[in-house]
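Visitor: Chains as they are written, first to last, in the numbering used here: chain Y, 1 to 434; chain S, 1 to 434; chain H, 1 to 434; chain X, 1 to 434.
Think of the hints as simulated: they come from the structure by calculation, not from any bench. Incorrect hints may have been included.
[Stated by the list, open to error] Simulated crosslink set (DSBU-like; lysine-lysine; CA at most 30 Å straight-line):
| id | chain 1 | residue 1 | chain 2 | residue 2 |
| --- | --- | --- | --- | --- |
| 1 | Y | Lys259 | X | Lys259 |
| 2 | S | Lys272 | H | Lys376 |
| 3 | Y | Lys272 | Y | Lys292 |
| 4 | X | Lys356 | Y | Lys272 |
| 5 | X | Lys427 | H | Lys327 |
Small disclaimer: the values here were computed from a predicted structure and weren't measured.
Protein chains: 4
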Amino acid sequence: MRSSRTLPRLAGWLQRRYSAQAAFLEERALATVPYSYTPPGRNHLHVPGPVNIHERVLRAMNVPGQNHRDPWFAAWWKEILEETKILYGTTQGTPFVFSGTGTGGWESALTNTLSPGDKVLTFRYGQFSHLWVDMMQRLGLDVEVHDLPWGEGASEEIVEAALRKDTGHKIKAVCVVHNETTTGVTSDIGGVRAAMDAARHPAMLMVDGVSSIGALDFRFDEWRVDVAVTGSQKALSLPTGLAMVCASKKALEAGKTAKLPRVYYSFEDQLKTNPSGNVPYTPSLMLLHGLKESLAMLREEGMANVVARHHRLAEGTRHAVEAWGLKLLCKHPRWRSDSLTVIETPAGVDSNLIVKNAYARYNLSIGVGLSQVNGKVFRIGHLGNMDELMMCSALSGAEMAMIDAGVKIKPGSGVGRAIEYWQQTSKIIPTREF
Amino acid sequence: MRSSRTLPRLAGWLQRRYSAQAAFLEERALATVPYSYTPPGRNHLHVPGPVNIHERVLRAMNVPGQNHRDPWFAAWWKEILEETKILYGTTQGTPFVFSGTGTGGWESALTNTLSPGDKVLTFRYGQFSHLWVDMMQRLGLDVEVHDLPWGEGASEEIVEAALRKDTGHKIKAVCVVHNETTTGVTSDIGGVRAAMDAARHPAMLMVDGVSSIGALDFRFDEWRVDVAVTGSQKALSLPTGLAMVCASKKALEAGKTAKLPRVYYSFEDQLKTNPSGNVPYTPSLMLLHGLKESLAMLREEGMANVVARHHRLAEGTRHAVEAWGLKLLCKHPRWRSDSLTVIETPAGVDSNLIVKNAYARYNLSIGVGLSQVNGKVFRIGHLGNMDELMMCSALSGAEMAMIDAGVKIKPGSGVGRAIEYWQQTSKIIPTREF
Amino acid sequence: MRSSRTLPRLAGWLQRRYSAQAAFLEERALATVPYSYTPPGRNHLHVPGPVNIHERVLRAMNVPGQNHRDPWFAAWWKEILEETKILYGTTQGTPFVFSGTGTGGWESALTNTLSPGDKVLTFRYGQFSHLWVDMMQRLGLDVEVHDLPWGEGASEEIVEAALRKDTGHKIKAVCVVHNETTTGVTSDIGGVRAAMDAARHPAMLMVDGVSSIGALDFRFDEWRVDVAVTGSQKALSLPTGLAMVCASKKALEAGKTAKLPRVYYSFEDQLKTNPSGNVPYTPSLMLLHGLKESLAMLREEGMANVVARHHRLAEGTRHAVEAWGLKLLCKHPRWRSDSLTVIETPAGVDSNLIVKNAYARYNLSIGVGLSQVNGKVFRIGHLGNMDELMMCSALSGAEMAMIDAGVKIKPGSGVGRAIEYWQQTSKIIPTREF
Amino acid sequence: MRSSRTLPRLAGWLQRRYSAQAAFLEERALATVPYSYTPPGRNHLHVPGPVNIHERVLRAMNVPGQNHRDPWFAAWWKEILEETKILYGTTQGTPFVFSGTGTGGWESALTNTLSPGDKVLTFRYGQFSHLWVDMMQRLGLDVEVHDLPWGEGASEEIVEAALRKDTGHKIKAVCVVHNETTTGVTSDIGGVRAAMDAARHPAMLMVDGVSSIGALDFRFDEWRVDVAVTGSQKALSLPTGLAMVCASKKALEAGKTAKLPRVYYSFEDQLKTNPSGNVPYTPSLMLLHGLKESLAMLREEGMANVVARHHRLAEGTRHAVEAWGLKLLCKHPRWRSDSLTVIETPAGVDSNLIVKNAYARYNLSIGVGLSQVNGKVFRIGHLGNMDELMMCSALSGAEMAMIDAGVKIKPGSGVGRAIEYWQQTSKIIPTREF
């Protein structure tokens, strides 16, 4: 019989049989043990990205090595690039797909269109807009930042005023984070464009759509966006690893004189190769297989339906928050995000404790408050590959974790209100008519 | 530009290029289209089997072809067989694993221990006990069936009385379905054994544990079970395809004179090969990889914890039913199943409509009522790879689908009560202490 | 720094942190270590089943749990059953798919058509025909076995003579193993049918097509086969776990009076459910997903091309054997199998040593000689998901392993001859024209 | 019966049922059909990257979405970073892992250590060294390029002479492509370091190890490399998508004054976060899971054994080339690469035709000649997840494709010579002793 005396015996056996590798194997056992317990059920992933990968997408990525110089690649790659246009709502933009992340997408947007010292106008109302500003500054741009309270979105008034004042057209670009993932605020890009038009200013409009594109209404052509940026691990519901960008003719034109150095994230290198189905360096075929399947799913659902679904999931979540008697960080209804909901905890309750309990007790992953709102809010993502019943898990788990942390709420109050709303607004899934 | 005129062009192109295969491709498109729309989110699988496969188990099965005659197989196979003993609560039984299903397991139990014309005592209180009786009869056994209302379990009184009456020991086996998946009733196998002991009768005790073993308390050795049967797609949370059986020494002894024909499901052929790590015919390596991982997960959790988890999930579900003001099909508390809950719908409401709405609107798969209770009950499984938040999805979806079908319930009433119970009884997941 | 003293520390740490589970974890480490080294590259799987699973099939099976009572199932299942007909070359047969193996298929063929004491005529010329005979005898049939040398196939002369002699038509079935996987011999089923016709005998014709159907020419309708049997892990290139059977009208008719007991492998139970897209017990969805994809691939290739491919791969292999100066176990050219090649080793060379070296040094899995030819032959499978370059690996590895074991062959002689043949007969893969 | 008239019916049905989506579905069918035929067997992938992904690595990556802010991440990420050190042969370097590619790694190496106008010394002897030079120039560096014939490696004499001449120490870095994947040439980094030492010059040494690190001998510490770069799709045998970099203390120090702009590929941002198990932006968990498993496999094999395996596979390949009577593009034996072999085709034979035939007829992917050697050479990769029998496939397929293209070689001549060499030098795989 094997007993607790096995360990010394194991040691001896290891030394004799694998002398060279024994040390490694010991270390491996040591490193593995603390993570070996994965509980039954599943991890309920409800952060605002990375999001849940659909089983169809997982299957599509389960491919052994492939050669992108084989003849099948060119047509396949061109089709993928073309198909990404549905994300942006464009027929006129030029899409790019890089191995990278949203941060790389930001860099791509800026370096391909601007020169050192160029002036840009932007807002800071959350951690991600803060980080983009940081990048602009480090790249040597002259950044006019308008700080707004966390919980508000881009101010059209400020845009218009600043641009009107800039009679010399020093401002080359207005940069806006569409959906601020820190605060659950969606700015009004159409409104920003209207403000720019009102000021009759020729600046480019650059949009961080990392947590909006593919989930929220986005109209690249109608809003005359010049560069839009997103990433694979948000509404596309893929693993992280693709930076996706769309550029207008104006942005491409600006690139011809833009002097910020760029190679990896260069548009030009892609433009020299993509039209013939080629690439300037090795593409990540596994992620592209996933992207193709994810785009096919968005097509099947229809982008208008995708947007409507996000709104419906968000509305149910907001009803739940109201039923709990809690407040959103986003105060004004016009800015409420359909990608995620950021909820303020009552005075005296550390929101981190809610997040910890959710993970530790219920295998629910929700988002902490970042930076200046850490401890004060928690975040529930409802973007990407998501449905009502998944949201019921998230709301139920949030209720339990809030009670664990001392928030006074009635069990079932929030999820019940959401259920009511979702039931009343439900439709039969296409192909499931009976 | 591609338009709706593509279809005729596609036809022409197909005929020219693939003349021989064109017809097939058309048919394939036709067959595939109606099922091509898989909605975002996930299928919420809450039937009482097949159950949700854990991601670790899916990964473990993702193996290309392998040769079971390669040297690694023998030790690996013996370890798997040995490890299955934790399911049955046995150290003395002999476990078998066949490619097959629970139905095959039934056949294995009977044909390896009995002869044509042998008398067996059993109960019929649901569709699965009915089907087992049907098998017994078709195999030529002399079956003494006691019909009980659907919603009740095995009667110890009947067992004792029937055995006492059988002074000539004609009855060779008492066969009991431990957990009747049609009705949500768990019989008391320990009680049945006590009745057999009270009658001082030497009959064998055979147990269908298809929806109990690996989920509910099972004590093969303590209850002196002679043959126990289960399948892979229930508490083990694997794909269907393995019939798992455990036999006592007495059952193996009975096999020496048992004359029912058997080859595929023969114990003897396994006993000749398994002890040396061999098999009488090709094993399903993919499913065995899954079985190994599933058993490892049960080990990590600990069987006592597994049983406790099932009870806790079931209790929450029953609290929800009570809060809805509905009744269980299982009337007596002693028989309430921790594997699944079978809920009666109010008079005038077709339970099939609830199940249809659940699937069609919320991508929730719950079980219809089978046979004589069709239209009157629906079933929610909570066995196997399951956690609280998955159950919150199931209860929430059931609420919505009931409202859709006209049941008067308050949204959130059931899931709220379950949340309350689960929060109050929650513990931190091991390795997640903070 | 971590050193070889970690082990004692690991023990202490484990005991403190996981007291209850420590023993298990130790045991697990012990059990896992000897198998932890999986070499770079891949296992080169060239036994005559299980065979290599195509990446498309692996992907298709990578599905979480599903409910076969959901509405999508019925049409899907009927389509799969219908599609299996291409394997058998039938439009008139009735196909069945069981969770099980080829052995279960044998049982199905016999028990659904025959009664205890019925006489069957069959041959024994290898391990698998031997096992089928054993099953017939254990099921209580009156078996007239004709033993033939291993390396020969079914004798049409014997069939005709035996049937002519049986003027009373006691013989109810002629049972033939089409492709004997022990010896690399393919019998001539059309010839057997002709012999039966010549004798004007009404016996049924039952065929074990486990290692032929889906790989070799098979004409269920033309040859008037009554029951044909195969399994998933051979030409279908799936994991083991499906027993596939096709029955003629005559066989189904015979079933009405056949008295051998059967439940699990019963045709009747399938016939009651399959036509409406139903099943008598839970199907293995994972394997059925694989089956669907595998059938789609056979369709795309075209069965005639599949058969031609197997012949071409086999011819190249036989050229290699000839170039090595070795002999096939199958002496007469008419019987040479296109599924596998069985090669005699020279006197004094243990064929097991070749198989051991192949696995231990080159990660090549080839088949040992079974039973009476153990040590005298080794087997190379070329059925199912297989191409020329995979066969070049097998032949190259066989050369190396033979040299390791002391066989005198010139390196490259066999694979060179095969290369010559395959190059001369190569065609461009459809859709890869350039 | 379904016939070729189904297509019009399909059209009608589609329009009625899915009016909105019909056009898309048609297009999808059109786009999918030409690529629907994936032949039986497998794609034999023998380009010098991307390489074959091991089944263990594929399994490890088959994970649904996860949250990198959950508590498990920090220790896991730190362990991965630490473990990458075995690739570089370093205990003192600081490793980085970016979502990106080798091209991004180049950018990282340059921008984190240099300022605009800084002088760098480098060589151009293939397409990849050419592209790195192009990047250096576009980033505004002052590049002293020494062009060498394609087929030669870095000249230690030139390095020493150039550095001696640079008495003012204007040259800040010597940049060398270790293994030029265009030409199959491995430069001698130890020799370059010796030349730098002989010149007593303080320039940094930067090495592109994209197709060497993890496959060939690499000694970051011993050679005092300052920045080394690799990518996931080469020796690590992962999908493309990770740029991996290692920096010396000197390089990190240089970063404090380096003025090239950098954000995405910044070392500083990683250094601020990695030590606490954090990241500056979302990591690609799927690829990191693969990286962890790939590193574990390298550990198990032992890096010295990995290097020896690559040498042995390369030697066999070179023996084959010699037996074919062909020449390597790399003329001098000191530079012959163990990662890939680049073979010149005889005058009058277009090497592209060989590559086309290999893919179109034998499903073998080998590399074309790039840029100035296009049409003149083809490339066989033997790096990463590779073994002898896979190489036998590659050599066999190359023979067939060469004969198809008109090269006069004796079938089996090359693969036979390789078989001879590999058999003579074979060892038993650890854990497979018999």
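Visitor: Flag every earlier hint the structure violates by its number, smallest first.
Guide: Violated hints: none; all satisfied.
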